[in-house]
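Engineer: Spelled out, the chains give:
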Amino acid sequence: MDWAVYLVGAAMILTGALGVILLRNPVHCALMLVFTMFGIFLEFINQGADFLAAVQIIVYAGAVVILFLFVIMFLGVDRKEAIGAERLRFQRPLAILLGLVALVEILALSRVDHWVSGAPAQSGALKGAGSNVAKLGQSLYTGYLLPFEMTAALLVIAVVAAVVMSRRHQPSAGEMSPAAQKELRESHQSALSASDPSLAGRLEAPSE
Amino acid sequence: MGGDPLFAHGLSLAVWLILLGKVVAVFVIVLVSVLFMVMYERKAVAWLGVRYGPNRAGPNGWLQSLADGTKLLFKEAFTPRTADKWVYKLAPYLMLVPIMIAFSIVPMGGEITIAHHTTYVQLADPPWGILFLLMASGIAVYGVMLAGWASGSKYPLLGSVRASAQLISYEAVLGLTTATVVMVTGNASGFGDALHTHAIVAAQSGHLAFLHWNFIHTAFVSFILFTIAITAEMTRPPFDLVEAEEELSGGYNLEYSSIDFAWFYLAEYAALVTNSAILVTLWFGGPNGPTVFGHSIGPFWFAVKVLVVLYLYVWVRATLPRLRYDQLMDLGWKRLIPFALAWLMIVAGFQVTNNVSGSGFGHWLAQKAWGFVAIGAAIVLAVLFLRAVEVGGGASEVETAQQDRLAPDGREVARRGGTP
Numbered sequence: 001m002d003w004a005v006y007l008v009g010a011a012m013i014l015t016g017a018l019g020v021i022l023l024r025n026p027v028h029c030a031l032m033l034v035f036t037m038f039g040i041f042l043e044f045i046n047q048g049a050d051f052l053a054a055v056q057i058i059v060y061a062g063a064v065v066i067l068f069l070f071v072i073m074f075l076g077v078d079r080k081e082a083i084g085a086e087r088l089r090f091q092r093p094l095a096i097l098l099g100l101v102a103l104v105e106i107l108a109l110s111r112v113d114h115w116v117s118g119a120p121a122q123s124g125a126l127k128g129a130g131s132n133v134a135k136l137g138q139s140l141y142t143g144y145l146l147p148f149e150m151t152a153a154l155l156v157i158a159v160v161a162a163v164v165m166s167r168r169h170q171p172s173a174g175e176m177s178p179a180a181q182k183e184l185r186e187s188h189q190s191a192l193s194a195s196d197p198s199l200a201g202r203l204e205a206p207s208e
Numbered sequence: 001m002g003g004d005p006l007f008a009h010g011l012s013l014a015v016w017l018i019l020l021g022k023v024v025a026v027f028v029i030v031l032v033s034v035l036f037m038v039m040y041e042r043k044a045v046a047w048l049g050v051r052y053g054p055n056r057a058g059p060n061g062w063l064q065s066l067a068d069g070t071k072l073l074f075k076e077a078f079t080p081r082t083a084d085k086w087v088y089k090l091a092p093y094l095m096l097v098p099i100m101i102a103f104s105i106v107p108m109g110g111e112i113t114i115a116h117h118t119t120y121v122q123l124a125d126p127p128w129g130i131l132f133l134l135m136a137s138g139i140a141v142y143g144v145m146l147a148g149w150a151s152g153s154k155y156p157l158l159g160s161v162r163a164s165a166q167l168i169s170y171e172a173v174l175g176l177t178t179a180t181v182v183m184v185t186g187n188a189s190g191f192g193d194a195l196h197t198h199a200i201v202a203a204q205s206g207h208l209a210f211l212h213w214n215f216i217h218t219a220f221v222s223f224i225l226f227t228i229a230i231t232a233e234m235t236r237p238p239f240d241l242v243e244a245e246e247e248l249s250g251g252y253n254l255e256y257s258s259i260d261f262a263w264f265y266l267a268e269y270a271a272l273v274t275n276s277a278i279l280v281t282l283w284f285g286g287p288n289g290p291t292v293f294g295h296s297i298g299p300f301w302f303a304v305k306v307l308v309v310l311y312l313y314v315w316v317r318a319t320l321p322r323l324r325y326d327q328l329m330d331l332g333w334k335r336l337i338p339f340a341l342a343w344l345m346i347v348a349g350f351q352v353t354n355n356v357s358g359s360g361f362g363h364w365l366a367q368k369a370w371g372f373v374a375i376g377a378a379i380v381l382a383v384l385f386l387r388a389v390e391v392g393g394g395a396s397e398v399e400t401a402q403q404d405r406l407a408p409d410g411r412e413v414a415r416r417g418g419t420p
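These protein sequences, in sequence, are chains A and B. Residue numbers for the first sequence follow this note's numbering, beginning at 1 and rising by one. Residue numbers for the second sequence follow this note's numbering, beginning at 1 and rising by one.
No lab work stands behind these hints, which were simulated from the structure alone. One or more of the hints may lead you astray.
Said to hold, decoys possible - Heads up, incomplete: computed chain A residues facing chain B, CB under 10 Å, no partners named:
#: 1; residue: Leu22
#: 2; residue: Asn25
#: 3; residue: Val27
#: 4; residue: His28
#: 5; residue: Leu31
#: 6; residue: Val34
#: 7; residue: Ile57
#: 8; residue: Ile58
#: 9; residue: Val65
#: 10; residue: Phe70
#: 11; residue: Phe74
#: 12; residue: Leu75
#: 13; residue: Ala95
#: 14; residue: Ser131
#: 15; residue: Asn132
Quick caveat: nothing in here was measured; it's all calculated off a predicted structure. Beta carbons: idealized from backbone N, C-alpha and C, even for Gly.
Let's have the full structure, built from the sequences with the hints guiding it.
Structural biologist: Right under this line is the structure:
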């Protein structure tokens, strides 16, 4: 039974991954990514990692890919790509070569036991009493509390930074050169007085 | 470890048959209650508005929704020329299927024995339990979003972007308030089972069960936040600006006709029924209620509670006007999410040393100490948060004013924070 679920999940993951690369329409690609997520969901269930499976769907399928779709729709890039025109001439053979190297690396690393950097890692079935969710929660809030909290802090910092940076697109007066300020002010003034004579003189240049 | 006792002795033919029966039963329950709900709502809204409501098809008009459904089934399914054919056809199912599957985790009674096989009166009790609700609402966003995009015209796209932003915003509140229930359940019944809906219901039973229901256990606040969030998640009034006709001429499903439109309609009411059932499960003890002559009549109490909740939704629809888009976003991000976070912390605080036994003021204080610490911390954080909102609001007002002044043609430009 397990191997049947594994095969279905693997087929879903591979189909989805190929779809992401090969389909022309970005929205279709994003949907194939969701399909891949469901394959991973199946594999997690098959491994008894119930909580990870649920979170996989809630976070990745339910939020991350949705944001991808938002960006795709807002930027209006939801049209077919012109793949034929390549800027770099040796891009395609190079990509295939690097892909093969990466595949060989992964296969080689999967044959070696202790390849996760630093931290003690082990894979295998859950041992002892208690459900997967309870154990995961306990280890997150005891042994791995510091990394957990630091990850959370990192995410918050990233969000705040994104807000700060996105709100800075309007250069304030202090950041412009005096000449540019003068030019801007004059253009506004002429526009103002053209649209409404009573407003003229409101934006007078400060005496220097 | 929890789980349905049905599978304790392996999978025999009888077990498969029982399972099949349960699947069909849940499917029929959802479909029939959708048909009923459409009429229930139309009748109740008409009554609240002092109108007659539908009264032609069948006895007192009760067959109206059946007639509407039949009509939609036989109309021509139309696909716009600019539509993305596959995604256009797929979107309604993405909306309908998750919400119908989500009903499978709702416990409608205790246990039942069929041919020596004991089983829960609920289709499935998966280990991820109540997270299934969040998964379903996460996937349902795709239905809304892709329906609008695949229609290939502007208004549905605007409607769907607006709708999916709303759905994503309120999912966080949903998760945070569900977490309080899981926490309370875990403290009562063991942490391994806390996600199981069966355990959530079981933890709310007991003598004078009313007092053990979660909406009292978590002191109303979580319940109210959850109800608001799930109403927004269903895009029910007063959060139904997804379908604001006067602004968007119909919303994400504008181009849909015939059976494809019927799926959206069905999904909307299936969501209403399923979410009301989950509301009852989480906060009102599910099928808990007084026994009659020693017999447990869980399904009856469950149905009564769901009907009451459904009526409340109809009542709200008939009473409250629609929110504006910026009000909706303000409510979600600036009020509900911080409030839900603070309340999660407070409930968690009261759970920490809940198991200290003994009587007297000293023990009581020892039990509640962390809770009071959490309340204090929540107040401090709330003050900081309000200050942050004030500063941020002031800054963005200054910025908006600057932009107004610097607008190239000198006229006042549209302010931010309005309808996208």
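Engineer: A separate judgement is required for each hint: does it hold in the structure or not?
Structural biologist: For each hint, the structure was consulted:
no.	hint	in the structure
1	Leu22	15 Å, violated
2	Asn25	8 Å, holds
3	Val27	6 Å, holds
4	His28	8 Å, holds
5	Leu31	7 Å, holds
6	Val34	7 Å, holds
7	Ile57	5 Å, holds
8	Ile58	5 Å, holds
9	Val65	8 Å, holds
10	Phe70	7 Å, holds
11	Phe74	8 Å, holds
12	Leu75	13 Å, violated
13	Ala95	28 Å, violated
14	Ser131	4 Å, holds
15	Asn132	7 Å, holds
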